[in-house]
Each structure stands twice: as structure tokens, then as C-alpha cells.
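Residue numbers (UniProt numbering), protein chains in the order written: chain A, 1 to 364; chain B, 1 to 187.
Bear in mind the hints are in silico, worked out from the structure with no lab data behind them.
These numbers come from a predicted model, not from an experiment.
Please note that a few of the clues may not be correct.
Said to hold, decoys possible - Here are the simulated distance ranges between beta carbons:
(1) Ser71/A - Glu107/B: 49 to 59 angstroms
(2) Leu44/A - Asp46/B: 22 to 32 angstroms
(3) Gln73/A - Tyr153/B: 36 to 46 angstroms
(4) Ser71/A - Lys67/B: 27 to 37 angstroms
(5) Thr145/B - Gln55/A: 38 to 48 angstroms
(6) Lys103/B - Asn63/A: 49 to 59 angstroms
As the list claims (entries may be wrong) - Covered by chain A, per the in silico footprint, the following chain B stretches (three or more residues, Cβ under 8 angstroms):
(7) 49-60
(8) 81-91
What the hints assert, rightly or not - Facing chain B, a subset of chain A residues (Cβ under 7 angstroms, in silico):
(9) Glu41
(10) Asn42
(11) Lys43
(12) Leu44
(13) Thr47
Every residue, glycine too, gets a C-beta built ideally from N, C-alpha and C.
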Amino acid sequence: MAEDSEWVVESIAGYLGSPEWLIPLTDFIENKCSVFDDEEENKLSYTEIHQQYKQLVEKLLENYMQEVGISEQQFLDACSSPFAKSKTLQALFQPVLATNDFQLFRSLMVQKNVELQLQALRVIKERNGALPECLTDGTDVMSELEQQEMQILQEVLKRSKEEYEEEIARREHVAPKVGSTSASLGEEPVRNGTGPQAAAHTPAQPINSLGKKEDKVISERSSDSASPKASDNCSTETRTLPAVRVPVKGPAPPPMSREKTANQAAESWLEEARKEAGISKPFRELTVAQQEELQQRAEYLRQQRDKLQALKKEQKGKSVAVEETPSPTPTPAPATQEISVEEKKKLQKRKHLAEKLKEEVIKK
Amino acid sequence: MGEIQKGLFSVIEKLKGTTEQELRIVLLGLDNAGKTTLLKKLASEDVNMITPTQGFNIKSVTFHGMKLNVWDIGGQRKIRPFWKKYLENTDLLIYVIDSADKKRFEETGLELSELIDEENLKGVPLLIFANKQDLTTASTASEITEGLNLHTYRDREWQIQACSAISGEGVQDGMNWISNNIVKKKK
Ligand SMILES: Nc1nc2c(ncn2[C@@H]2O[C@H](COP(=O)(O)OP(=O)(O)OP(=O)(O)O)[C@@H](O)[C@H]2O)c(=O)[nH]1
Ligand SMILES: [Mg+2]
Chain A
1 MAEDSEWVVE SIAGYLGSPE WLIPLTDFIE NKCSVFDDEE ENKLSYTEIH QQYKQLVEKL
61 LENYMQEVGI SEQQFLDACS SPFAKSKTLQ ALFQPVLATN DFQLFRSLMV QKNVELQLQA
121 LRVIKERNGA LPECLTDGTD VMSELEQQEM QILQEVLKRS KEEYEEEIAR REHVAPKVGS
181 TSASLGEEPV RNGTGPQAAA HTPAQPINSL GKKEDKVISE RSSDSASPKA SDNCSTETRT
241 LPAVRVPVKG PAPPPMSREK TANQAAESWL EEARKEAGIS KPFRELTVAQ QEELQQRAEY
301 LRQQRDKLQA LKKEQKGKSV AVEETPSPTP TPAPATQEIS VEEKKKLQKR KHLAEKLKEE
361 VIKK
Chain B
1 MGEIQKGLFS VIEKLKGTTE QELRIVLLGL DNAGKTTLLK KLASEDVNMI TPTQGFNIKS
61 VTFHGMKLNV WDIGGQRKIR PFWKKYLENT DLLIYVIDSA DKKRFEETGL ELSELIDEEN
121 LKGVPLLIFA NKQDLTTAST ASEITEGLNL HTYRDREWQI QACSAISGEG VQDGMNWISN
181 NIVKKKK
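So that you can see chain B by itself, here it is in the shape it has in the complex:
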């Protein structure tokens, strides 16, 4: 995009007349991790009839007076190459992990480390949801932190939050982290 147009579009953006602050959030993670479930939970919608995502979903939720535009993109292997088309201007990356799917920890760790290296996500804060904590076989957040070597991520703010997208437990805590760490910085 040309420099002029950048300025141009940013002004045009103001024409919308919204004084509300907006955040662009991208939800990623392997297929079956629970991204769409989480998205619907955030929007207070029914989480029972969710099918695997072939494309992407967007929901705008208001949170602490902020408009969060959350993009949930399908995680199937064949869709992952498209992830990078959705990373521009992202304010926050939420990465969802199925904590009970130990067989795929390595795979999910690999995908995450590749994402972190994306130019468009340089320095973008990262919130990891260790999802499906309602399952007895779920690993804890700290086990996952170990397994994924999260403490080696020093180029950004990050947080891992245990949750169950289905029951909603822990989701709010994650959102609070967003409001405490991202929103304040942006203002």
C-alpha cells in the first residue's frame, strides 16, 4: 500500500465516526483446538453446533468499552498456509491449544514458533489459551509452558491462560489480561 493511501485510509477510517477504540485480534491454533468455540463463547453464542472451519469467522465484541474484532481462521493443515494473509495490523495474537491432545504438542509448538517469526507479528503480544481444561487428561498450563519453551519468547509480552471454551472457565481471566496489558498500552 502506498504511503499516501495509508494516510488516506486512516483518515477515512475516522469518517466512520466511531470514537470507540478498536483492536484487531487473530485467533489461531491447530484444527480441533477450540478456536471457534472460544469465539462464540466470547460473543455469548451457542457453542453446541460448531463444525470445523473451512474459511474464517469474524465477530466483534465490546469489552471494557473497546471494540474487539476477532478473526478466527480455520486450523486444518490445508488452511494453515493462508494464515499469514490475516496477520497485517494485528494488535494481539490468541493461540489456542487443545491441552488434552498431547500427541500434537510438538506440531502445535512448531506452528506457533513459525507464526512468531512472521514479520507482521513482530512484537505483537501473545495470549495462549491452554484449552479443554475440563478434560481430565488435560495438561496444565505450566506443563505446556515447559513443553513449548515459552520462556524463550522474549521479544513480546505473552501470557498463558488455562481455560475451557465450552464452560467458559478461565476465558474471562484471559480477557482481563488483554485489557490490562494491551488496551492500556494502546491508549
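Next comes chain A alone, as it looks inside the complex:
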């Protein structure tokens, strides 16, 4: 039975990393997340959306099990095998668990909402050189924004670590037969946030927070600002959201689908799983190797950080280009300079944070 459930787990893990699963799921989350703020109290509408989410997951899993020919019993056996209990596999299962766990579901939605809001604001800021007045509300939105950004960066770094481990695991596992690893990856990544769903997202659904306290606002305020009451300027800007979506790695979907086939993904997850289940522990046996691993990881994180910064610069470059086209409101030089100083500060902060995170990650 052990082997039998092994392939079942393998198949399930592969499915949970495949576009067939990730695309509809991500679409759903991105479409519905805009009403989810981080007030303590839940809106009645959350329940409706959670219900729809359950139905979606149910339908997807049903189809998948039918297609692959996994019976309920096999599925149950597989899920109760020690193999499936590893942390890595559990991470893959998060979106499935969210069907039964409202709190988890809610945090998923809030996270995505914040992330999309932030992206929208960033685009606006980068295109205009600053946030239009209608978005600033005369308060310190930017510093709050920065905090949000830090969170995302944190997510990116966490993701990097996971990807790195995956990578290692995959190399471990596949090494002998490699050849051309990326042969099958040709196709565009799973999600590019194209078209209607993205456009539909923010402006369409006004947020009614039902008149509560005004302090801990960030998501509320930013969603407000993206709502229809904002000026023409704002709504045009929001529509450009899809274009920038690519660079920012969202926390929601498991990472591997982006650049690996489902099979490879499954393999790497499984390799991890095997290790965690204590079936074989190639790394832990050698302390020298361990040290090497740490070094590699550090290097990898450094690379990730650099990539991120490069991306930032690139985006900035683009935004400068945009600004060169004559705009109705003449942007005076000081403004741009101010921002580049600010940017610099941000970069420094980011670097600092990256270092800190790096340390933390490596310690583990």
C-alpha cells in the first residue's frame, strides 16, 4: 500500500501545482478579494464568497480525481500516509484546507487584496512621480505603504528560500538524467494577470466597511482610493495594473508552477517530503555539506535581492520614460528628485531588511 499511496500523493501534489488548478483558483481569489479588509469583524458577504470557493475547489478536485482515476479510498490512504504529512506538502494543501477553515480563507483573501492594492498604488506612483492628491488623503500613506512593501519583500524572500530548497531537492532527485531541464517550460508562465479579471478587480466593487473606526486603515483607505469616487486620472491608472503584475510574486499560489512542469514540481515537493518524513536525509548526514548548503542559500538570497532591486530600477526607468511624454500637470524637477531620494532610502531599508531576513532564514 505504501507504494500505491506514494504515486497518489505524487499525483495530487502535481495537480496542486499545475495550471489546471492554479489558474482558476488564482482567478477566483483575485476577483473576489477586494471586499476583504483587515477589520476584525467579518462582513456577511465573506461567507457567501467562502461558499463559492468551496464549490470551486470541490469541483476541481472532483474532476481531477475522476480524470486520473483515483478513488476515494486511494485518496484517503494517500492522505494519511506519513509521506503526505510533511510540511512541504501541507503548504501545497493550504488552498484546499482553506475550504474548511474560514480563518485561513480570510487571511488568504486579505493578503491578496493588500497585495493588489499596493501594486496599483505603486504603478500610479511610478507613473506620476508621486501619488495624485486624491490618493494621499493628506496623511502618511507612503510610510504605511512602505510597511506593506516590506511585508511583500518578506514574502518574496520566503518564497526564494522555498524555491531554492526545491531547486536543490530537484537537482538531488533528477540530477542523473538532466540534460535540458527547461525543455518543457517554453510556454508562458501560468498567470500573467491579463485582461478582464484584473480590470474588474478594484474599481468595480466599492468597499463598504460599514462605518467603523478609522485608525488601522491601510487596506481600507487604499481600497477607498481605488474605488470609483476617485478621479478619472486614478481609474485610468488602476487599469494598467495587469502590466506590472508579473514582477511581484504573490503569496497565494505555490511557487513552482511558474517555471516547472507539474511533474517536476511534484518531484521536488516529494523530495522535500521524503526528507521531512525521515525516509532519507542526504543533507543532514554531512555537516560539511550542510555548511555548503548554507553558503549556497545565502548566495541565492543575495541574487534574489539583486534581482528584485534590478526590477525596481527597471520599473523606475519605464516610469521616467512615461513621464517624458508631456503631461497636463507639469511636474517640476524637485518632485522627481525628492522621489529618487525617497527611493534611495527605500532601497537602503530594503537592503537592511533583506540582510536581516537572510540571517533569519539561514539560521533555520
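Dock chain B with the ligands against chain A, hints included.
Chain B with the ligands alone, transformed into the frame defined by chain A:
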């Protein structure tokens, strides 16, 4: 939900790795009864800044080694039609009454008797908190038992407990009833 998925989700639930036993508890009652106050008290939070609930609140509290997931849903008239969406898989219903609001005893009794008839609450144990006992005008638990004809409820275990959500008096006794009567049965 299809049968397969029921099994599927129950196994997936185990994947969470929690060996802890969980109870789903729903807190209902008219607006202003003190549900949110009680919820916060259970979670040892500040009970001073509570505003009427427009949606719902959830808190998980650990009690005698059990995880209690308590759902507090707004009691305003316009929200009551939504109550039934929250009743599935409920292990215990807690119904809160403002013992000093005699004018609305009939209304609250009516709502309760409708709840009791809900399919999803068939046989589900019922704990009634006769709240706001700190007010001098509060009716006693037995007066409320009379008024609401509670002894006609024979299809389930039930208990009425006098309490003050604000001071916390009596709350613990109610919780003990839960642990003695529900938890043991579930195990
Ligand atoms: N004196 C007294 N007041 C209480 C007690 N419990 C709650 N209150 C008050 O009653 C009012 C309503 O309390 P809530 O907890 O908001 O009532 P609720 O049942 O959640 O009301 P909705 O959210 O509208 O359904 C608040 O002003 C509380 O401070 C109590 O035990 N004694
Ligand atoms: Mg309330």
C-alpha cells in the same frame, strides 16, 4: 456537498496535524443581548469598546485542552435571516438573552423557538445565558425559564445560566457545563 468530498475534506482536515479536539460554537440572540461582550470576555479581551455587530466575529479559545471556535453573529433584525447560514456542523448553540429587557422576552423566545426547529440544529445542545444579571432590573434565570417555556424543550440537552458578560460572573459556570456535557460526549 458530495459524499466523496465530505470524506475528502475530513481527511484533509487531519492534514492540519492538529490532534486537538475542536468544537464549533455559535452564539446567537437579539441585538444588544451581549453576545460580542461575552465573546470578548471568553477571549480575555477588553469589553469596553464594543459596537453593534454588522457581520460576525470569530474567536478561538482553548478551554480544558479543547479548541473552541466561537462564532458571534450580529443580532439586529435585518441580520437574523442570515443566521441559518452559520448553523452547519454546529456542536453547541449558545443563546444570549438580555435579562433586563423584559419588553423583548417574547421576541427573543420566538427567535429561539425558530432556531430550535432548524434542521442543522437538530439535537444540538443549547446553553442559554441569562445575561446582564448585574442590573437590578434583571429577571432571574428561573423566571426566564418559565417565560420561555424552556421545559418544553425535550429533544436536546439544555441549560440556562445566569451571568454578567461585563463582570464575567457566571460565565465560567456556563463553560463548565459545556465541558461536562458536550466535551465528554464528543470524545
Ligand atoms: N450591564 C451590563 N451590560 C452589558 C452586559 N453585557 C453586555 N452589556 C452591554 O450591552 C450592550 C450590547 O452588548 P453587545 O455585546 O454589543 O451585544 P450584542 O449581542 O453583540 O449585539 P449585536 O452585535 O447588535 O447583536 C453593550 O453596551 C454592552 O456593554 C452585562 O452583562 N451587563
Ligand atoms: Mg455583537
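Coverage of the segment 49-60 of chain B by chain A (three or more Cβ within 8 angstroms): That given contact holds, which follows from 8 residues of the segment 49-60 of chain B lying within Cβ reach (below 8 angstroms) of chain A.
Whether the CB-CB distance between serine 71/A and lysine 67/B falls inside 27 to 37 angstroms: 32 angstroms, holds
Leucine 44/A paired with aspartate 46/B, Cβ distance criterion 22 to 32 angstroms: This hint holds: roughly 25 angstroms between Cβ atoms.
Given hint lysine 43/A near chain B, where the shortest CB pair must fall under 7 angstroms: 4 angstroms, holds
Minimum beta-carbon distance criterion (7 angstroms), leucine 44/A to chain B: The hint holds - leucine 44/A has a Cβ within 7 angstroms of chain B, the shortest such distance being about 5 angstroms.
Proximity test - 8 angstroms, beta-carbon atoms, the segment 81-91 of chain B to chain A, at least three hits: holds (count 3)
Range hint compliance [Cβ, glutamine 73/A to tyrosine 153/B, 36 to 46 angstroms]: 41 angstroms, holds
Interface hint outcome for asparagine 42/A [beta carbon to chain B under 7 angstroms]: 5 angstroms, holds
Restraint check, 7 angstroms cut-off on beta carbons, for threonine 47/A near chain B: Cβ of threonine 47/A sits 6 angstroms from chain B, so the hint holds.
Closest C-beta approach of glutamate 41/A to chain B relative to 7 angstroms, hint status: Given a least distance of 5 angstroms, the restraint on glutamate 41/A holds.
Satisfaction of the hinted span 38 to 48 angstroms by the C-beta atoms belonging to threonine 145/B and glutamine 55/A: At 42 angstroms between Cβs, range holds.
Cβ separation of serine 71/A and glutamate 107/B, checked against the hinted range 49 to 59 angstroms: Hint holds: Cβ distance 52 angstroms, inside 49 to 59 angstroms.
In summary, the structure agrees with every hint in the numbered list given earlier.
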